[in-house]
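S.K.: Sequence:
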Amino acid sequence: MFRWIRQYKEANSQTKYFILNWILYGLMLIASTIYVYIRLDYVRSGHQASPKAVHSTLQK
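One gets my numbering by counting positions in the sequence shown from 1 and adding 4 to each.
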């Protein structure tokens, strides 16, 4: 692992930017997946949206 850190520090700026981009992309993907599964679990556990919100979406 320390070798990877050393290689990262010695890499050029384009490589560093590419690696940083993929790390951020991966973190966003993981965070959004966790959010979706938490929200899905919340909805499936019996919680419903307010009737006013449901009614307004059905009329459109």
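Some hints here could point you the wrong way.
[As the list claims (entries may be wrong)] Label pairs and their in silico Cβ distance ranges: (1) Ser49 x Tyr21: 37 to 45 Å; (2) Arg43 x Thr19: 30 to 38 Å; (3) Ile38 x Met5: 31 to 39 Å; (4) Ile9 x Tyr39: 29 to 37 Å; (5) Met32 x Gln11: 21 to 29 Å; (6) Leu24 x Val47: 46 to 54 Å; (7) Gly50 x Phe6: 45 to 53 Å.
[Said to hold, decoys possible] SDA-like cross-link-like pairs, simulated, lysine to any residue; straight-line CA separation at most 20 Å: (8) Lys13 x Met32; (9) Lys20 x Tyr39; (10) Lys20 x Trp8; (11) Lys13 x Ile23; (12) Lys20 x Phe6; (13) Lys20 x Ile38; (14) Lys20 x Leu31; (15) Lys20 x Met5; (16) Lys20 x Ile9; (17) Lys20 x Ser36; (18) Lys20 x Arg10; (19) Lys13 x Trp26; (20) Lys20 x Gly30; (21) Lys13 x Ile27; (22) Lys13 x Asn25.
No wet-lab data here; the hints were simulated from the structure.
Computed from a predicted structure; not experimentally measured.
Just so it is clear, CB atoms sit at the ideal spot from N, CA and C, and this is done for glycine as well.
S.K.: Now look at each hint and say whether the structure bears it out.
M.R.: Tested hints:
1. Ser49 x Tyr21: 37 to 45 Å: This hint holds: roughly 42 Å between Cβ atoms.
2. Arg43 x Thr19: 30 to 38 Å: Given a distance of about 36 Å, which is inside 30 to 38 Å, the answer is holds.
3. Ile38 x Met5: 31 to 39 Å: For isoleucine 38 and methionine 5 the Cβ distance comes to about 25 Å; the hint is violated.
4. Ile9 x Tyr39: 29 to 37 Å: Holds: the Cβ-Cβ distance is about 30 Å, inside 29 to 37 Å.
5. Met32 x Gln11: 21 to 29 Å: With a Cβ separation near 24 Å, methionine 32 and glutamine 11 satisfy 21 to 29 Å, so the hint holds.
6. Leu24 x Val47: 46 to 54 Å: violated (35 Å)
7. Gly50 x Phe6: 45 to 53 Å: Roughly 50 Å apart at Cβ, these two residues keep to the hinted range, so it holds.
8. Lys13 x Met32: It is violated: about 24 Å lies between the C-alpha atoms, which goes past 20 Å.
9. Lys20 x Tyr39: Given that 20 Å is the threshold and the Cα spacing comes to 28 Å, the pair is violated.
10. Lys20 x Trp8: Judged against 20 Å, a Cα distance of about 12 Å means the pair holds.
11. Lys13 x Ile23: Holds: lysine 13 and isoleucine 23 sit about 12 Å apart, inside 20 Å.
12. Lys20 x Phe6: With Cα atoms ~16 Å apart, lysine 20 and phenylalanine 6 stay inside 20 Å; holds.
13. Lys20 x Ile38: violated (27 Å)
14. Lys20 x Leu31: The hint holds at about 16 Å.
15. Lys20 x Met5: With Cα atoms ~16 Å apart, lysine 20 and methionine 5 stay inside 20 Å; holds.
16. Lys20 x Ile9: Since the Cα atoms of lysine 20 and isoleucine 9 sit roughly 11 Å apart, the hinted pair holds (cutoff 20 Å).
17. Lys20 x Ser36: Outside the cut-off at roughly 24 Å; violated.
18. Lys20 x Arg10: holds (12 Å)
19. Lys13 x Trp26: Between lysine 13 and tryptophan 26 the Cα gap is close to 16 Å, so the pair holds against 20 Å.
20. Lys20 x Gly30: The given pair, whose Cα atoms are some 15 Å apart, holds under the 20 Å limit.
21. Lys13 x Ile27: holds (16 Å)
22. Lys13 x Asn25: Holds. Lysine 13 to asparagine 25 sits at ~16 Å (cutoff 20 Å).
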